[in-house]
Amino acid sequence: MKILQLHSDFIEYQPIEREIASAEECERKPCRLEELVVLFVSVEKGDTIQTGRKAIDDVKVFLNRIKANRILIYPYAHLSGDLASSYEALEILKDMESYAKGLGIETYRAPFGWCKAFTISVKGHPLAEQFRSIQLREEKEVVSEALKAEEKIRSDWYIMDLDGRLIPVEDYDFTNHENLRKFAHYEISKMRAVQQTPPHVNLMRRLELVDYEPASDPGNFRWYPKGRLIKSLMEQFVTEKVIAYGGMEVETPIMYDLEHPALASYLHRFPARQYILRSDDKEFFLRFSACFGQFLILRGTQISYRQLPLRIYELTRYSFRREKSGELSGLRRLRAFTMPDVHAICADLEQAKEEMLRRFQLSIETLEGFGLNREDYELVIRFTKDFYEENKGFIALLVRKFGKPALIEVWNKQFFYFVLKWEFNFIDNLDKASALSTDQIDTENAGRYGICYIDEKGERRVPLILHCSPSGAIERDLYAMLEKAYMDQKRGKPPMLPLWLSPTQVRVIPVADRFFQEAEKIAKEISKHNIRVDWDDRPMTMQKKIREAEMEWIPYIIVVGQRELESGVLSVRDRRISGAEMGGEIRRMHLKDLISEIKERVRDKPFKPLSLPMRLSRRPRFYG
RNA sequence: GCCCCGGUAGCUAAGCCCGGUUAUAGCAGCGGCCUCGUAAGCCGCAGGUCGCGGGUUCAAAUCCCGCCCGGGGCUCCA
1 MKILQLHSDF
11 IEYQPIEREI
21 ASAEECERKP
31 CRLEELVVLF
41 VSVEKGDTIQ
51 TGRKAIDDVK
61 VFLNRIKANR
71 ILIYPYAHLS
81 GDLASSYEAL
91 EILKDMESYA
101 KGLGIETYRA
111 PFGWCKAFTI
121 SVKGHPLAEQ
131 FRSIQLREEK
141 EVVSEALKAE
151 EKIRSDWYIM
161 DLDGRLIPVE
171 DYDFTNHENL
181 RKFAHYEISK
191 MRAVQQTPPH
201 VNLMRRLELV
211 DYEPASDPGN
221 FRWYPKGRLI
231 KSLMEQFVTE
241 KVIAYGGMEV
251 ETPIMYDLEH
261 PALASYLHRF
271 PARQYILRSD
281 DKEFFLRFSA
291 CFGQFLILRG
301 TQISYRQLPL
311 RIYELTRYSF
321 RREKSGELSG
331 LRRLRAFTMP
341 DVHAICADLE
351 QAKEEMLRRF
361 QLSIETLEGF
371 GLNREDYELV
381 IRFTKDFYEE
391 NKGFIALLVR
401 KFGKPALIEV
411 WNKQFFYFVL
421 KWEFNFIDNL
431 DKASALSTDQ
441 IDTENAGRYG
451 ICYIDEKGER
461 RVPLILHCSP
471 SGAIERDLYA
481 MLEKAYMDQK
491 RGKPPMLPLW
501 LSPTQVRVIP
511 VADRFFQEAE
521 KIAKEISKHN
531 IRVDWDDRPM
541 TMQKKIREAE
551 MEWIPYIIVV
561 GQRELESGVL
571 SVRDRRISGA
581 EMGGEIRRMH
591 LKDLISEIKE
601 RVRDKPFKPL
611 SLPMRLSRRP
621 RFYG
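Numbered according to the working numbering, the first sequence spans residues 1 to 624.
For the record, the hints were derived by calculation from the structure and aren't laboratory data. Heads up, a few of these hints could be off.
[What the hints assert, rightly or not] As a list, the in silico BS3-like pairs of lysine-lysine whose alpha-carbon atoms are at most 27 Å apart:
1. K324 x K182
2. K432 x K404
3. K490 x K432
4. K231 x K60
5. K544 x K490
6. K60 x K45
7. K490 x K241
8. K94 x K54
9. K231 x K528
10. K404 x K241
11. K392 x K404
12. K94 x K116
13. K29 x K182
14. K67 x K101
15. K241 x K605
16. K29 x K101
17. K231 x K241
18. K521 x K608
19. K116 x K101
20. K241 x K226
21. K226 x K608
22. K123 x K101
23. K94 x K45
24. K605 x K592
25. K116 x K45
26. K54 x K101
[As the list claims (entries may be wrong)] Ranges between beta-carbon positions, derived for each pair:
27. Q489 x P30: 50 to 58 Å
28. Q14 x R165: 53 to 61 Å
29. R278 x T48: 23 to 31 Å
30. K544 x R400: 33 to 41 Å
31. M540 x R400: 51 to 59 Å
32. I49 x C115: 24 to 32 Å
None of these values were measured; they are calculated from a predicted model. The beta carbon of each residue, even a glycine, is placed where N, CA and C say it ideally should be.
Hey, can you work out the whole structure from these sequences and the hints?
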């Protein structure tokens, strides 16, 4: 409980309007009191009736000292950022009032839950103004070591340009680097207030990709067939990229014994809260990354220096983080998410740096596969001061490879288990930044988990571990893709997904019923070439079918009628050139050319067949 | 977790402030007509625990309290 205590000549206040629904009843008349002590009170979380009484006891002592006996208890929320619920606060304030009266103090109380105007005249003596913080006893809050460490951390912020110069953020000229400016602002200071549903949330539902699942815990989503197809292709793509880079794919449990000695200390390095699961009389936590499973494998693995760097990989479905409910936001921040996690065991710092460069490239290429290019995200590199002093060239090299100036955070000392970390951050339509790809140099966990390798001399050595997620959470990548599509739309470009991820790549639309057979024939021919094609056999006008296909962001739409039948040449709406509104040009092309064009565009990308019936009339509507 | 905003048909919303017949639209669905040339054809039918629970009232979608879900802000973000 916080109390601002003012010995006053008078106070005059008037309730203006209700601030909360549960505001007390009262008359909206001015009220004036003279020769009194005004108590501006913030009731805080954890406060009880006893807290309030202790406060009044203290006040009583003070009143005796200044020879006064009149008080006004004035509810005032602005003294604390950790307020009790309005219900509790009112209970406590009421009790304070009656308790004070019981002590023989002449007590008044201003109404609770109102926006009030007031005028006050405070006396000039030394004891007139006092601030009190009342607590019954030390609260035993469970704060992890990492959270505590974070409170003490001190960061300095810079921009590093392509020549490796460090420029303090406040001195940097952000001209032509609008996103970097937004990102720096987002990281360093508070955000502006926007009251808006993020655009991707509407899109993910309207396109029937993903949706909330009210029957689950918040932040755990349901995936409809189209969304599942996209996600599955993305998962497959990342996995193939990581395996090509040299990752050995494994699979590990999603839950771990809370009491296991190897895990307890690591848990303490993470501020996040876990899902806890009880089984018999044991408690388990759900993993928040693949680290545990992989480290536990590696600690029993015999590793020679010849095998380094050793790369181990898992795509977690899911990782769980019980983010605070107010932090959840669509696909941007969830409580259950899918994340590729590849660790590299490195002999020493030189090898780690070299390996990190390789993974940096891997991450860029992975995001590129999702249609996210370097203009779509910003680089931040965070490291300790000591690390920087000895590795200036390396950091400059990362920035040069990235090709754009980067945000730099320098810590005065090591608080986390890593000495360096970089991230690619996407800036969305509401100017919020979210990390996608990331990599870290971990100096602690090999020792903590007992992971070691044998060097040339036959001696045990503790390696460094790199932690990389080349794409970040898959859900978050989709969020970025949808937000980007929305940005395109705002700029008058047709919003779309990459061709290889489009749930339908080609739609065939007959102009009338009598061309159904022809439409189906064309669709079947195309599908033989591993292209996701469907055809619209619903009893609707062609115009409406085209409109719906465009609203589904289908990359190629073929309209089939008499002309196509006679000429053998297809009429193709190519989303890239036909424009979102009002059809642009129609491409005339032969079937085999269309097929080879598509095959060329999706070369090197995984393929999965349609996740829904080929005939639209057979599809249910999952949303809307 | 706290503060603010929202929750009415499958979806999107009006009605709520100021309580009063049978809760209103559009889209989607179903039935019928239309057989159509590049972004919404016409007519009809059906569809509702007004988020959930409690309270006030002769009477509650509407007022009050609690809870759930979503969004935004604070905070946080391995």
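Task: Hint check against the structure, violated hint numbers in rising order - done: The structure breaks hints 4, 7, 13, 30; every other hint is satisfied.
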